[in-house]
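Q: Listed below are the residues making up each chain.
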Amino acid sequence: MVNVTLDGKKIQVEEGTTILQAADKLDVKIPTLCYHPLLDPYAACRVCVVEASVKGKTDLVTSCNTKVLEGMEVKTASERALKARKLNVEMLMAQAPAAEPVKEIAKELGITKTRFEIKDPNEKCILCGLCVRTCTDVVGAEAISFIERGKDRTVAPPFNEPSEACIGCTACAYFCPTQAIVFEDKYGREIIHDELHLGPVTAIRVPIRQAVPMVPFIDKDACIHFKTEQCKLCEKVCEPEAINHAMEDEVMEIDVGSIIIATGYDIFDAKKNAVYGYGRLDNVLSGLDFERLCNAGGPTGGNILLKDGRKPESVAILHCVGSRDRNYNEWCSRVCCMYAMKFAHLVREKTGAKVHEFYIDIRAFGKGYEEFYNRLMEEDVIFIRGKGAEVTDVAETPEEEGKLVVVCEDTLLGLVRRVPVDMVLLGNGLEPRRDADEIARKFNIGCSHEGFFLERHPKLGPVHTASDGIFLAGACQGPKDIPDTVAQAGAAASEAMAMADRGTFELEPITSFINEELCGACKTCVALCPYTAITFDEEKNVSVVEEALCKGCGTCVAACPAGAATQHGFDDEEMFAEIEGALSVV
Amino acid sequence: MEEKEKAYRLHLMVCAGTGCVSNHAFEIKGALEKEIKKQSLENEVLVVTTGCNGFCERGPLLVVQPGNIFYQQLTEKDIPHLVEEHFLKGRPVQKLMYTPPKEKTPIPVLSDIDFFKGQVLIALRNRGLIDPEKIEEYIARDGYTAMAKALNEMTPEGIIEEIKKSGLRGRGGAGFPTGVKWEYVRNAPSTNGGVKYLVCNGDEGDPGAFMDRSILEADPHSVIEGMVIGAKAIGASEGFVYVRNEYPLALSRLNLALKQAREYGLLGKDILGSGFNFDIKVHRGAGAFVCGEETALLHSLEGRLGEPRPRPPYPAEKGLRDQPTCINNVETWANVPVIISRGANWYSSIGTKTSKGTKVFSLVGKINNTGLVEVPMGISLKEIIYNIGGGIPEGKEFKAVQTGGPSGGCIPKEKIDLPIDFESLTEAGSMMGSGGMVVMDEDTCMVDVARYFLSFTQDESCGKCTPCREGTKAMLSILTRITEGKGTEGDLVLLRDLAESIKDSALCGLGNTAPNPVLTTMQYFMEEYETHIKDKKCPARVCRQLNTYIVDENTCVKDGRGCDLCKRNCATDAILGEKGKAHRVVQEKCIKCGVCYDVCNFNAVKIE
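Taken in order, these protein sequences are the chains called A and B.
According to my numbering, the residues represented by the first sequence are 163 to 748, in order.
According to my numbering, the residues represented by the second sequence are 518 to 1125, in order.
These are computed hints drawn from the structure, not numbers from a lab.
A couple of the hints might just be wrong.
What the hints assert, rightly or not - Listed next, the in silico DSSO-like pairs over lysine-lysine satisfying Cα-Cα at most 27 Å (straight line): (1) K512(A) with K473(A); (2) K1020(B) with K191(A); (3) K248(A) with K899(B); (4) K229(A) with K835(B); (5) K275(A) with K1020(B); (6) K899(B) with K619(B); (7) K248(A) with K237(A); (8) K313(A) with K1020(B); (9) K1020(B) with K237(A); (10) K870(B) with K219(A); (11) K1003(B) with K275(A); (12) K1003(B) with K313(A); (13) K870(B) with K217(A); (14) K281(A) with K1003(B); (15) K219(A) with K1020(B); (16) K835(B) with K398(A); (17) K245(A) with K1020(B); (18) K265(A) with K1020(B); (19) K219(A) with K835(B); (20) K219(A) with K619(B); (21) K433(A) with K389(A); (22) K229(A) with K1020(B); (23) K248(A) with K1003(B); (24) K191(A) with K229(A); (25) K835(B) with K394(A); (26) K281(A) with K1020(B); (27) K217(A) with K681(B); (28) K1020(B) with K269(A); (29) K1020(B) with K217(A); (30) K217(A) with K1084(B).
Sequences are here, hints too, so could you generate the full structure?
A: Here it is as structure tokens:
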């Protein structure tokens, strides 16, 4: 430990502490510009100069990099230090007149204007080198550096041309204290932190605010470390040392007795239906976008705002986007009417904007739903019966100028209407997951013609599948709202428990078997079995049927060229006996 | 080898330093050889090229040994006569000898010339005596004996002790005790298995300073020998010489010397059977002045941007590739072998109490004997300027001397008796620097001098820290304003504030010392600043924007008959008049370029 006196106050700090860190402990503020706690000190701006005396020798030193010594006496605002600091700030005011942090420090120091020549009144860069150090020491891309020297010094990529070495991480802009760095997408290369509309802004995040468990993860696609093998700033700042970049995804094999498939749904991609302008027009949001926008943990803190930051004055909500539509999905997605009406309620409540709902018919079935519909009408939401036909920003009248216009046929009035609004929310429908086929194959279950997983029986086995021990829950089986999903999931769980509790399950009475003596090892049956119940025994060189999996469909029996596959109760002898029995009556 | 076995009657030492080479020294050498052959003297007379002799003003130079006869300002035409008269007939040619200004009799012998008389040669001990491209000649002058002694008879601690005792201080400018630095490096822990480095700083950049170049050109082996001794002392096995690429001759001679030393087993593995390994690499600098600063030099050596970093940690602790590194200047290394071979006591008997030994100065500017001189510390400015330097040309009055290059300051004539050592120069507001000495006479404007040096530092500032980058720019613009007659009295206050603040708060030596020319000229020549600002006049007539050019009509007609030369040369037609009649300057049109003043053959154009 080292004893230091700072502005008359005594403090004991660890050896190796800088004057700036010691001052921070005492709440003594020393202005800095080129300093950042996560980077090595650079000591270039010379704004943090203080007077330090050790053993009778007094010097002006930069507090960011000077380590305290035993018995050191520091004066952070002595006349000598202030004189140098003020002049340096005044010179920086002339060099980068548009740099806000310089202006702030100048104000604190009582400097109102600079006496030095201003070359460019819009200059923001103070040449503090934070960007260069970030790119070199943190990111490891070395895409920018200082070029020229002295008064001509600037920050630039090699040859002052957009650099191939730049990975577009925007870390330099993040560290830049004066917003002097602007990004331009030159090579169509993604700029990591700007990639998603309403999307993530950093590589480390909690998936959503309501996530369980509430644990942040590192997005490998956005993390600088996985691009350049450097950075690891998060490791530096994480006090419990909880971050480990070396961790890999693991594939684990677990033996289980039953499986509940709850893979959910995809929402209809509204870009497929270009008439709604999703992805093309600003302020046309999908249902999920809007959920994120009005989430308290979202980018606006839950405020419903337009892209330019204004509050919308009118909002249109379009039902049946991608649902009940022969061009896309014919089914009703069940949940959209209700969530669209929830949106209407939220918009009314949060912004007071005028809300138009464009619907084919309102499907507010069941307990409490119809009442909600009625309540909305009391909240002055305007319901227009007619499917939205188009969303456009091409104005035909002065009122439509600068607005989005929703075109529809109002089937109650029998009119084609154009409704100008500020924001359009789409009631995207529900679709099977894009990889539902693959999952179905993996688990030996079927899909209905829409692509949702097929239950064993709509009424008698709604959570069962054709494969025993495999159950369905939620929207993977068909569009469902949350209460229905929870109910079905409960049922699936109890079925799974019941099976586990029994410890046994009943086999189908009719299953196939292979006559080992006849099997020609052609493996035809292995490929054909829809339930992957047949495997090939390499040792015995014959196909084998797993009775627990066999559903007795008879495919193998029909296909076996050697006549080795037979079904219990349906072998030739039994069949002939049955025929004889039937004919004996005659 | 053949040359060695032969004995010659005469050795003709042709100076082949950069100054003489650009004065056609090699042509002189060719002409000499041709003429010697013609006279069939090739078995009696040998022509040798040597490094810089120092008396650059008088080049190309030739010294005839034995006899030490000094010939100067030779031309190819002089050679046949010289060879016939002197080398054949034995009659030295008087008209090619050096005659001091204001005297009539030439001085035939080099050691009798004032320029050489006052000098004490340690770092330049071999100048003019050996061919720098032949290691045998260096060895013949006891070269590498000090290294042998250090490697085989001395311990590293012993070497350090000897250097400490000698009182040798770094010749690069700051004057840090060399032995102490070596001890630091020796004791500093290396994080890389004991790897330590040794660097020779040959990035000489001060305007008007050329001693490092001269040493490398005249005696590269002395630097190599010094470095090996240093390497043994600090425990380094790898060394670097950082030389600017603008020194092609120094580079080629250094590379040749390294090659020869390796061939002789004086560098590389197991040097002289001592078991000590050390080798040297040459790194060419791209000519940025700031790379003379040790931390910037190390950055440049590592292949990074040549900009300084804050110290501590000093390179002795964390230098090249983060390992302890000893950096010394060329001249310092060249001093080391002499100290080891002749002993610390001998060395410390030369010089003053705090500054031991000798220092090489490059004497330039308004002085008769421009050149390189090595003098003992403590010698007065007066002795250097008047005795060795031969005084000011054309009988002009001495005004000031600028020492230490752009980092140094101007010392006025009142302080001409100042004994030169590190402390006294610093006290006078200047510094030793690398040893540049620019002499100024009464025709020099001190404001303009300050402006010139500021324009240099402004240009050479790396731009890393605010005070140096922005401050030198601001100071230069104020000084330019003053020299253009636009200065105000407030400017002087701001200029002083800036100078003091930059000196106090800049990051590296370049910035810390950049205000010195301003501060010293303000200290000693304040009245000149005031005249520029208040009277809008430049007393030395240097700042043209403050001059008023007029034609003295009487002189114009009387002596010049109205030659019209000024009118014809005036770029803005500001001069009226006809041939045969008096001319006149129209002040409104005059842009004060001074061409009329320069072209007038009759001194009819006057400055008011």
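Q: Quickly compare the C-alpha distance for K219(A) and K835(B) to 27 Å and report which way the hint goes.
A: 24 Å, holds
Q: Taking only the CA atoms, is the gap from K229(A) to K1020(B) under or equal to 27 Å?
A: 21 Å, holds
Q: Please verify whether K281(A) and K1020(B) have alpha carbons no more than 27 Å apart.
A: 24 Å, holds
Q: Has the given pair, K1003(B) with K313(A), been kept, meaning a C-alpha gap of at most 27 Å?
A: 23 Å, holds
Q: Does K248(A) pair with K899(B) here, judged by a C-alpha cut-off of 27 Å?
A: Status violated; Cα separation ~42 Å.
Q: For K870(B) and K219(A), compute the direct alpha-carbon distance and say whether it is at most 27 Å.
A: 23 Å, holds
Q: For K433(A) and K389(A), compute the direct alpha-carbon distance and say whether it is at most 27 Å.
A: 31 Å, violated
Q: Under the criterion that the straight-line Cα-Cα distance not exceed 27 Å, is the pair K217(A), K1084(B) satisfied?
A: Violated, because 69 Å separates the two Cα atoms, which is more than 27 Å.
Q: Would you mind confirming whether the straight-line C-alpha gap from K835(B) to K394(A) stays at or under 27 Å?
A: Answer holds: K835(B) to K394(A) is near 25 Å, not above 27 Å.
Q: If you draw a straight line from the CA of K899(B) to the CA of K619(B), is it 27 Å or shorter?
A: 19 Å, holds
Q: Can you confirm whether the C-alpha distance between K229(A) and K835(B) stays at or below 27 Å?
A: The given pair, whose Cα atoms are some 16 Å apart, holds under the 27 Å limit.
Q: Are K835(B) and K398(A) close enough, with their CA atoms no more than 27 Å apart?
A: Roughly 23 Å between the alpha carbons, so the hint for K835(B) and K398(A) holds.
Comparing the model with each earlier hint shows violations of hints 3, 20, 21, 30; every other hint is respected.
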